[in-house]
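A.B. asks: What follows is each chain in one-letter form.
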Amino acid sequence: GAGVSQTPSNKVTEKGKYVELRCDPISGHTALYWYRQSLGQGPEFLIYFQGTGAADDSGLPNDRFFAVRPEGSVSTLKIQRTERGDSAVYLCASSLQTSGRIEQFFGPGTRLTVL
Amino acid sequence: GIQVEQSPPDLILQEGANSTLRCNFSDSVNNLQWFHQNPWGQLINLFYIPSGTKQNGRLSATTVATERYSLLYISSSQTTDSGVYFCAATGNQFYFGTGTSLTVIP
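As you go down the protein sequences, you meet chains Y and B in turn. The end of the first sequence is residue 115 by our numbering, with every number in the run present. The end of the second sequence is residue 106 by our numbering, with every number in the run present.
No lab work stands behind these hints, which were simulated from the structure alone. Cβ coordinates follow ideal geometry from the N, Cα and C atoms, glycine included. Warning: the hint list may mix true and false statements.
Below, a sample of chain Y positions facing chain B; criterion: calculated Cβ distance under 10 Å [as the list claims (entries may be wrong)]:
no.: 1; residue: G40
no.: 2; residue: E44
no.: 3; residue: Y48
no.: 4; residue: E83
no.: 5; residue: P108
Input sequences plus hints: build the corresponding full structure.
C.D. replies: Now the structure itself:
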């Protein structure tokens with residue numbers, strides 16, 4: 001079946017602009033996660049959805065970052081007033097969540113470059 | 001939060017050699033996964049292994065939850081094994097290690 005998909009694959013924007021990154025999880029997966037990966041680092045947790053609600057948004061770096069999942073499937077990560085330090089690969093993952101088992105499957109990522 | 005440390009940070013192998021990658025975590029975890037990040041950046045699932053031992057072809061993994069570590073074994077390495085290997089642990093939140101960068105030379 002189809003895996004996690006993310007669009008766009010690359011996004012170049014100018015400092016101060018607004019961007020939206022989209023994630024389509026694996027069909028039937030109730031949990032969805034956003035991570036950010038900088039060069040040479042491991043992915044860093046941003047936010048986790050269980051269904052439509054954000055179960056844990058403690059990884060969002062500041063209030064310029066916001067994410068939604070209005071129908072419990074597709075999610076959009078929104079970044080306002082982008083800064084050069086926001087440049088990174090943004091990864092999305094999804095999982096079933098059965099009896100505490102969380103096995104995450106990742107999309108290919110969106111490479112964001114802020115000029 | 002949980003600290004996840006991986007060793008070694010870098011590893012260069014001759015094709016055909018075996019290797020062991022280690023992941024230490026600072027607290028008890030409910031879930032543990034190993035991933036291979038290929039040169040295009042895709043994270044590929046290798047093992048879901050919160051405890052015990054699993055094998056898949058030339059790869060195997062062992063997690064000793066009571067001692068807070070996991071090992072990934074790669075046997076008869078191939079050039080296609082090159083890339084970065086991550087372990088990821090979940091307790092109440094989600095934590096990745098900093099990875100082991102593996103280069104397999106022909």
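A.B. asks: Hints first: check each against the structure and report whether it holds.
C.D. replies: Evaluation of the provided hints:
1. G40: Holds, because the Cβ-Cβ distance from Y/G40 to chain B comes to roughly 8 Å (cut-off 10 Å).
2. E44: Since chain B brings a Cβ to about 7 Å from Y/E44, closer than 10 Å, the hint holds.
3. Y48: 7 Å, holds
4. E83: Interface hint status for Y/E83: violated (22 Å vs cutoff 10 Å).
5. P108: Since the shortest Cβ distance to chain B is 5 Å, the answer is holds.
Figure legend: structure checked against the earlier numbered hints; the only hint not met is number 4.
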